[in-house]
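Q: Below are the chains, spelled out letter by letter.
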Amino acid sequence: MTAMNARVSSLVAEAVEGRLSRRDVIRRGIALGMSASAIASALTRVPAAARAAQNEPVKVSILNKEMTHDEIVAEIQKEGEVNVGNWTYTANDTLIAKFKQYVKDTYGVDVGLNYEASQAPSTYITNLYTALQSGSAPSYDVMAIEENYWAEAMSQPEPVAEEFLPSGLVPNAERVLDMFNHAPTAVGFQASATPGIVYDKERASFITDWTDLADERLKQRLTMPLPGDITAGGMLLGLAEALKLDYKKPEEMTQAIDFAIQKIHPNVLQYTTDSATMQQLLRAGVVDAVGFWDSLGRMEFLNGQTNTAFLFAKSGQYLVNGYMWIPKGTQHPVLAQIFADWRLSDEAQFPPESWGLEHGPWAELNEGVLGESYVDLVPDWFKDDYFNFYPTIEQLTTNFKTVDWDYYAEHVGEWMDYYAKGIGQ
Amino acid sequence: MVNRLRFRRASRRGGLTHRHGALLSTYGETQMTHAPAEIAIEYEIAERSPRRWLSTPRARGMLLLAPAILVAVLFSIIPLIYLFQVSLTRESSFFFNAEYTADNYLNVFGRYRSAIIETVYLAGVASILDLVLGYPFAYILIRKIRYREFVRTMMTFPLFGPLYLAFGLFYVFLPTGPLGGVFVLLGVDIAKYLFSQAAVLFSMAVFTFPFMVMNIGAALANVDPLLEEAARTLGAKPWQIFTRVLFPLSWGGIVAGFLMCFGWNLGVFVQPQLLGSPKEQSVISLQMFLKGLVQFNYGLAAALGVLLMVMAFAVTWVSLRFSRGALGA
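If you read the protein sequences in the order shown, they are chains A and B.
Quick note on my numbering: the first sequence kicks off at 234 and runs consecutively.
Quick note on my numbering: the second sequence kicks off at 3 and runs consecutively.
Pulled out of the complex, with its shape left as it was, chain A reads as follows (with noise of 0.2 Å):
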């Protein structure tokens, strides 16, 4: 951490526990010596607790209406409990004990969290659905899963999502880049998850992009995601863009997904999304490759096996990041939000050493940086390697590309279809 956004951490911290006002912020940085920048981004940093506790109003737009700190802690009594589904399932209980604590030092109250976690999220999709349909209250009051899930939702003829952003509840949701933000409906909690190749930089190290699974070296030593998911959809995304190929262009995405056909599927082993299995595998040394996500990779890397990495492709990678959004008819909207405020803090997205987390679990739960912000937490042990397994944000800008969700969320049916049957599901 660089000596400035120290002072700004430390800036921030003083804020909050001294419940000081934007005024005083601006004044204490000043009398510090801190550039108006820095000032800035201390005075995004400061939670809207912090604020609140001055019993200053905030908007919560879902309820339509400006809430003082008072009416916040009532709130919160009243709805005593708040439900998240989750896409991972990393640190799950470290996450609830933080975040409980976290509501009962701002606000003073116990509450509970249900965080539930899940490798196929696509199920909460199902549950809303249900609810929805049979107009009964929806069974999570956050979803932070992945970015195509809330394009799937969004794409329905009624809306399933409330419009909560921009929030005086979510503050930290102004931190995030607008490449992350979908405001009103949704907001960016990992900036770097991309499905892609994990390798063993030894026995595989030709792989330089998506074309080279077709590599014969590569025979039954390769995993490939099962048709269906987004796993899968990003790996023929990527494919399609290592062949130059546009997927908006039905006969191109058809190409795409004839090489995985033709040249890929000799090489494969197994179609898993089974992260466990793929662990083994390629410890084992039964394959060489496997078709997953990045945190794979620098889960295994810290956890000992050094030779594993994640290929970023040269072509370039699809971003298909977690995203927070509250379903229609939540019955804990306030504290939906203050969830996914925290979720964006400092401490949540850069977890400290006070959490006890070992460094592959902390390189699972972290998902890169999402806005200028949160560059400098980085931790000191990771800053040599930190950026060799995350993007940088010009790296975010550039090489990485966003999805028209939209239309995947359209078409993604006819190509899995075309993919499984090309294979010989």
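Hints are computed from structural coordinates only; laboratory data are not their basis.
Just to be clear, a hint being listed does not mean it is correct.
[Claimed, not checked] Straight line, CA to CA, 27 Å or less: simulated DSS-like cross-link-like pairs of lysine-lysine:
| no. | chain 1 | residue 1 | chain 2 | residue 2 |
| --- | --- | --- | --- | --- |
| 1 | B | Lys194 | A | Lys452 |
| 2 | A | Lys452 | B | Lys281 |
| 3 | B | Lys281 | A | Lys496 |
| 4 | A | Lys654 | B | Lys281 |
| 5 | B | Lys194 | A | Lys496 |
| 6 | A | Lys434 | B | Lys194 |
[What the hints assert, rightly or not] Now the stretches of chain B that chain A is said to cover, found in silico as 3 or more residues with beta-carbon under 8 Å:
| no. | segment |
| --- | --- |
| 7 | 93-101 |
| 8 | 171-180 |
| 9 | 192-201 |
| 10 | 273-287 |
| 11 | 297-305 |
[As the list claims (entries may be wrong)] Here are the in silico distance ranges between beta carbons for each label pair:
| no. | chain 1 | residue 1 | chain 2 | residue 2 | range |
| --- | --- | --- | --- | --- | --- |
| 12 | A | Ser351 | B | Arg54 | 50 to 60 Å |
| 13 | A | Pro290 | B | Pro69 | 51 to 61 Å |
| 14 | A | Ser438 | B | Tyr123 | 39 to 49 Å |
In this text, all values refer to a predicted model and were calculated from it rather than measured experimentally.
Using N, Cα and C, we set each Cβ at its ideal position, and we do this for glycine too.
Following the hints, put chain B in place on chain A, whose structure we already have.
A: Below, chain B alone, put in the same frame as chain A:
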């Protein structure tokens, strides 16, 4: 004549007393101890008085059955109707503005015909494996073995977890796993067999093996060992004892066991997903999961589900019909 008709109606409606009912079922109406007119009047009285009707055996039977019927309707029949309704809608439209279509069923019997064949094939072969290995095992278990309960327990516990069973097999056969090392020493490339039809069939058969053994075992337990002894005394060879004595007498258990294994295996999901090649991964339940819960094509997934339900119903019905009571019918 009028009285006879009224009597028949009365007996059909269940308003007769137990005594009369029993007589009717045992001897027919010519053996009655009361005149038909008397019975009809009795019935009419019973029908008019709810309290008396409630005291009849049939009413008591119906009341006892009511919770089961209610549970079946609420949690089995209504969901099935719901599933069928979803199967007639396009993609995820059921949850918003339902667009009705028969395309899902055309798709099931067109695009997914190979999936149906694969599912039936895997279920059938795994059940045959169970039969071939299960019959001698059941025989030994019933006739020869000591510590029977321990062996039964060891045999039964795979029933509780196809997932850990499949994971266990995967781990065992990894080159770094306990058996994988042996194969490596023998120069066998076990990874080739790790994700194959053989691995899937083996794990399916291990999972349903107890069903086969329990059913055949139950049937064999009812075969008097003296019959085998008698056949042997009369000069029958072991294979003749099997084909002429044991096999015919345990037929009900074989059918029940086979169909039960087959029925369970029709819904196989975990084993092909973890251990299968793309061909085995095309089984119906896995496709249902992918279509419904991953790609949001609930209509197609529901149509596949309806097909699976129909197949399961048919198997259960045939099983009950031809198992000669081995399922407790």
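Q: Each hint: holds or not?
A: Now for the hints, and whether the structure bears them out:
1. Lys194/B <-> Lys452/A: holds (11 Å)
2. Lys452/A <-> Lys281/B: Distance ~18 Å between Lys452/A and Lys281/B Cα, so the pair holds.
3. Lys281/B <-> Lys496/A: holds (18 Å)
4. Lys654/A <-> Lys281/B: holds (10 Å)
5. Lys194/B <-> Lys496/A: Within the cut-off at roughly 19 Å; holds.
6. Lys434/A <-> Lys194/B: holds (23 Å)
7. 93-101: holds (count 6)
8. 171-180: With 6 residues closer than 8 Å to chain A, the segment 171-180 of chain B meets the three-residue bar; holds.
9. 192-201: It holds: at least three residues are needed, and the segment 192-201 of chain B offers 4 whose Cβ sits within less than 8 Å of chain A.
10. 273-287: holds (count 7)
11. 297-305: holds (count 4)
12. Ser351/A <-> Arg54/B: 50 to 60 Å: holds (57 Å)
13. Pro290/A <-> Pro69/B: 51 to 61 Å: Cβ of Pro290/A to Cβ of Pro69/B: about 55 Å, so the range 51 to 61 Å holds.
14. Ser438/A <-> Tyr123/B: 39 to 49 Å: holds (42 Å)
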